[in-house]
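**Q** Chains A and B are the protein sequences, given in the same order.
Residue numbers for the first sequence follow my numbering, beginning at 1 and rising by one.
Residue numbers for the second sequence follow my numbering, beginning at 1 and rising by one.
The hints are simulated quantities; they were obtained by calculation from the structure and are not laboratory data.
Just so you know, not all the hints are guaranteed correct.
If chains are identical, the list can't say which one is meant, so a pair holds when it fits in one copy or spans any two.
Said to hold, decoys possible - With a cut-off of at most 27 angstroms between alpha-carbon atoms, the simulated DSSO-like pairs for lysine-lysine come out as follows:
{"id": "1", "residue 1": "K39", "residue 2": "K266"}
{"id": "2", "residue 1": "K37", "residue 2": "K169"}
{"id": "3", "residue 1": "K46", "residue 2": "K74"}
{"id": "4", "residue 1": "K378", "residue 2": "K141"}
{"id": "5", "residue 1": "K123", "residue 2": "K266"}
{"id": "6", "residue 1": "K263", "residue 2": "K23"}
{"id": "7", "residue 1": "K163", "residue 2": "K317"}
{"id": "8", "residue 1": "K263", "residue 2": "K67"}
{"id": "9", "residue 1": "K169", "residue 2": "K351"}
{"id": "10", "residue 1": "K266", "residue 2": "K141"}
{"id": "11", "residue 1": "K67", "residue 2": "K316"}
{"id": "12", "residue 1": "K74", "residue 2": "K37"}
Protein chains: 2
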Amino acid sequence: MQNPLIKYNEEEITLAHKINNLKKEAGSHSPSIFTFKQKLPELNIKIDACFLSNPYATDLFLNYFTKEIINTGKIRELLEFYPSQNQVISEILSSFLNVNYKNIFIGNGAIEIIQAVIHNFTKKKILINIPTFSSYYEFVKPGIEIIYNTLKKENNYQLELDKYFDLIKSEKPDTIVIINPNNPDGGYIESHDIRKILETVREVATVILDESFIHFAYENDNFDPISMADLVTEYPNLVLIKSMSKDFGIAGIRAGYAVMDEKRVKELLDIGFLWNSNGLAEYFFRLYTRADFAYHYNSVRIRYIMETIEFIEQLKKIKGIRVYPSRANFILIELPENIKSIDFVTALLLKHGIYVRTCEDKIGLDGEYIRLASRTSKENKIILESIKNLFK
Amino acid sequence: MQNPLIKYNEEEITLAHKINNLKKEAGSHSPSIFTFKQKLPELNIKIDACFLSNPYATDLFLNYFTKEIINTGKIRELLEFYPSQNQVISEILSSFLNVNYKNIFIGNGAIEIIQAVIHNFTKKKILINIPTFSSYYEFVKPGIEIIYNTLKKENNYQLELDKYFDLIKSEKPDTIVIINPNNPDGGYIESHDIRKILETVREVATVILDESFIHFAYENDNFDPISMADLVTEYPNLVLIKSMSKDFGIAGIRAGYAVMDEKRVKELLDIGFLWNSNGLAEYFFRLYTRADFAYHYNSVRIRYIMETIEFIEQLKKIKGIRVYPSRANFILIELPENIKSIDFVTALLLKHGIYVRTCEDKIGLDGEYIRLASRTSKENKIILESIKNLFK
């Protein structure tokens, strides 16, 4: 391993090797903080800028959780008793989302929904834009054909609609996947273009629209919330997937939902997904839909977006790196040609205790990249200084 | 609704109707305590004898949890960060179970594993003993044939091995399901007979052995723990499923595991199940495998078995009901012919605040039954007195 950025001592070289091995073992996802602690207790991670979440919303949630669940002793019943069944939780979300509960499917994290949808609704051929979240192609069952639409670097990895439509016409996939904003580049498709896509691809049986990062996107100066969930009645081929881990930093709770045609929800519930939510996820959804909580959440959502915009502006000023446009809470950064992504990540972790994501496993990216999460403004400043320091 | 046991006032009649409707909506599973609270807040449930768990183990777990997770503030990281991936948690369980981690699959509750196994390994025909846990036939996908082996009432719903083997020979299912002890009757198959079954059904591709209630079974006076998990290397067709909710009363956490052939674990992980454990489930498994915890757990496990045996003896003395032999933590009880199960359950709930399970939705039961969970010795006494009171 060679790293032109930095000189390591022997101890650090050993640790760097261990980090790289751990990364390799984890495959196309980063090792979790727990895995790091278990296997590399000598490592001191100060800032987890791999983890894509709004830290202010985490604090907000934890304040409510501490007051209502920990301090009251109600934690016991959340752990002890069976959580409600899927459609009972759908009912809780229904009026909040302005969608009939029969169109809502609750998942053990969005990841379970991705798995369920691809396993049950994709019949022959799936079209996936790359770079993307790897589970979309990894979870595809043997026998299903995967077609990749490679987004172009020279176009900032933005989806080109006309070419996309041509590809759909010629390949005739039964499933297409759109993540908006896209992961790992943060590229955003405006609402009117999403509508245009939905209008154009009516022949595609299943249109997966993953809005896991949509709370960080904006189309006006008020940062009004955006979602296409209510379009599901108009477009029965639409399957909208939403993770809650990104908005609230509650990846440990596992909470996500989907909005889709009533028949699809029934088809899934008829073959399983009975108690797939845990007690804390049920509490989360009850809280999330409460007016008092929603009000506070919107404030911290907007604060976080504004700070992320500022973070991106500052990153752009660092010479030697290329910062891709993002309307998500993370930024795709291209490194200079002579620096390997894994070396940069290891250096940042060893010298500054900052954990960011390599993108070497991401198919469809041309060059050496990292994906950097926006954290608190204080942490963002430390991240900025640390990156500058590595380039000195 | 007529109930010869009891006279209701008007308020109670309304409530009784609501309870029955809620039961109907929940289908083949009982409404959760949360669902009851949400929809019937006027109902006062004092003892949940529908819920199959060891309450002493719940206390033990919660003591550790409070000390290690709540009081230290570590709850935050359990909620915030991604839990470890499936095989990292398998490694934690590996030495405790004395099984290679590659043979262990972690589930979001046993229910997720039942779903995964039946959806992915059952190809054409499944043989299910009834009465049983309904998910085993409900989760079967369209196109798969279900053969039922009806256990006989006159034989106390015990599995008759020779007839079972004949049926397997003639029907040639690719999957068979054995729950031991069986749900809802508690009937137990001795270890030497499980071995005999495994020896005889080597031609059956998938043998599901559900040991979710095995911690409550015993074959000697020391109540030594029983499990067939280590047989998976000898019998590659064996898929052993284990819920943890029954042993610890932590249904809200969703934790279960399976032991199966390494190729099967890989097949499942190749198509999903990436972050299907939540942070609390990961903590649970780390705690469960610790020597100090295991020592205390075994004490409360034995205490609970002994009290359950006593509870069964006392129930047998009540005239008019038939108590079926059980080596689980619940008891199947047949009611007198003139009493409907739902009426008995409603009366017990309205008059005594005790929630027990009707068995009217259980296919394969001939007569009117309830399934009664063993709770603490104090609660068991109240349950006994309340049932006696209804029969006065």
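**Q** Taking the hints in turn, state whether each one holds.
**A** Tested hints:
no., hint, in the structure
1, K39 - K266, "between (42 angstroms within a copy, 22 angstroms between copies)"
2, K37 - K169, "neither (49 angstroms within a copy, 52 angstroms between copies)"
3, K46 - K74, "between (32 angstroms within a copy, 16 angstroms between copies)"
4, K378 - K141, "neither (44 angstroms within a copy, 52 angstroms between copies)"
5, K123 - K266, "both (18 angstroms within a copy, 23 angstroms between copies)"
6, K263 - K23, "between (41 angstroms within a copy, 23 angstroms between copies)"
7, K163 - K317, "neither (33 angstroms within a copy, 78 angstroms between copies)"
8, K263 - K67, "neither (39 angstroms within a copy, 46 angstroms between copies)"
9, K169 - K351, "neither (50 angstroms within a copy, 66 angstroms between copies)"
10, K266 - K141, "both (22 angstroms within a copy, 13 angstroms between copies)"
11, K67 - K316, "neither (41 angstroms within a copy, 46 angstroms between copies)"
12, K74 - K37, "between (30 angstroms within a copy, 14 angstroms between copies)"
Comparing the model with each numbered hint stated earlier shows that hints 2, 4, 7, 8, 9, 11 do not hold.
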